[in-house]
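Engineer: Sequence:
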Amino acid sequence: MFMAAKWGYKERRKTMYIHLGGEKIIRSSELIAIFDISIEKSSKVSKQFMTHSQQDKKLERIGEEEAKSIVVTRNTVYYSPISSSTLKKRAKILLEI
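Under our numbering, the residue at position 25 of the sequence shown is numbered 25, and the numbers go up by one with no gaps.
Please keep in mind that the hints were generated in silico from the structure rather than gathered at the bench. Where hints are given, some of them may not hold.
Have a look at the derived ranges for each label pair, beta carbon to beta carbon [as the list claims (entries may be wrong)]:
1. K88 with S42: 15 to 21 Å
2. K88 with T15: 16 to 22 Å
3. G63 with S43: 23 to 29 Å
4. S42 with T15: 33 to 39 Å
5. R74 with K41: 23 to 29 Å
6. T15 with S43: 17 to 23 Å
7. T86 with E30: 14 to 20 Å
8. I93 with I32: 27 to 33 Å
9. K57 with I25: 16 to 22 Å
10. N75 with S43: 21 to 27 Å
Straight line, CA to CA, 27 Å or less: simulated BS3-like cross-link-like pairs of lysine-lysine [to be verified]:
11. K47 with K88
12. K47 with K68
13. K68 with K24
14. K58 with K47
15. K57 with K88
16. K89 with K47
17. K89 with K24
18. K41 with K57
19. K57 with K44
20. K58 with K68
All residues carry an ideal CB built from backbone N, CA and C; glycine is no exception.
Please put together the full structure from these sequences, using the hints given.
Structural biologist: Put into structure tokens, the structure is as follows:
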């Protein structure tokens, strides 16, 4: 560690990506949360969050298929046609790398 600092070595982070469906791919570093679509109907707070996201034009639907999950990133909220369990598995694999 001392040698690395002494010689000005900077650790480079690998950029990893997660496919959300359709042609949408995000950087894993942007990911905040993945929810099952059912949370939108079962939680008042979730409904309000999605309504505000839509009003702020930060809500994006991926493809024409029925949404199965909600993906929250730093700047955008996505309706994804891929199930939350599949997306969570993809994110978990990235954490293990």
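Engineer: All hints, please: hold or fail.
Structural biologist: Against the structure, the hints:
no., hint, in the structure
1, K88 with S42: 15 to 21 Å, "holds (18 Å)"
2, K88 with T15: 16 to 22 Å, "holds (20 Å)"
3, G63 with S43: 23 to 29 Å, "holds (25 Å)"
4, S42 with T15: 33 to 39 Å, "holds (35 Å)"
5, R74 with K41: 23 to 29 Å, "holds (25 Å)"
6, T15 with S43: 17 to 23 Å, "violated (33 Å)"
7, T86 with E30: 14 to 20 Å, "holds (18 Å)"
8, I93 with I32: 27 to 33 Å, "violated (18 Å)"
9, K57 with I25: 16 to 22 Å, "holds (21 Å)"
10, N75 with S43: 21 to 27 Å, "holds (22 Å)"
11, K47 with K88, "holds (22 Å)"
12, K47 with K68, "holds (15 Å)"
13, K68 with K24, "holds (15 Å)"
14, K58 with K47, "holds (14 Å)"
15, K57 with K88, "holds (25 Å)"
16, K89 with K47, "holds (25 Å)"
17, K89 with K24, "holds (17 Å)"
18, K41 with K57, "holds (20 Å)"
19, K57 with K44, "holds (20 Å)"
20, K58 with K68, "holds (18 Å)"
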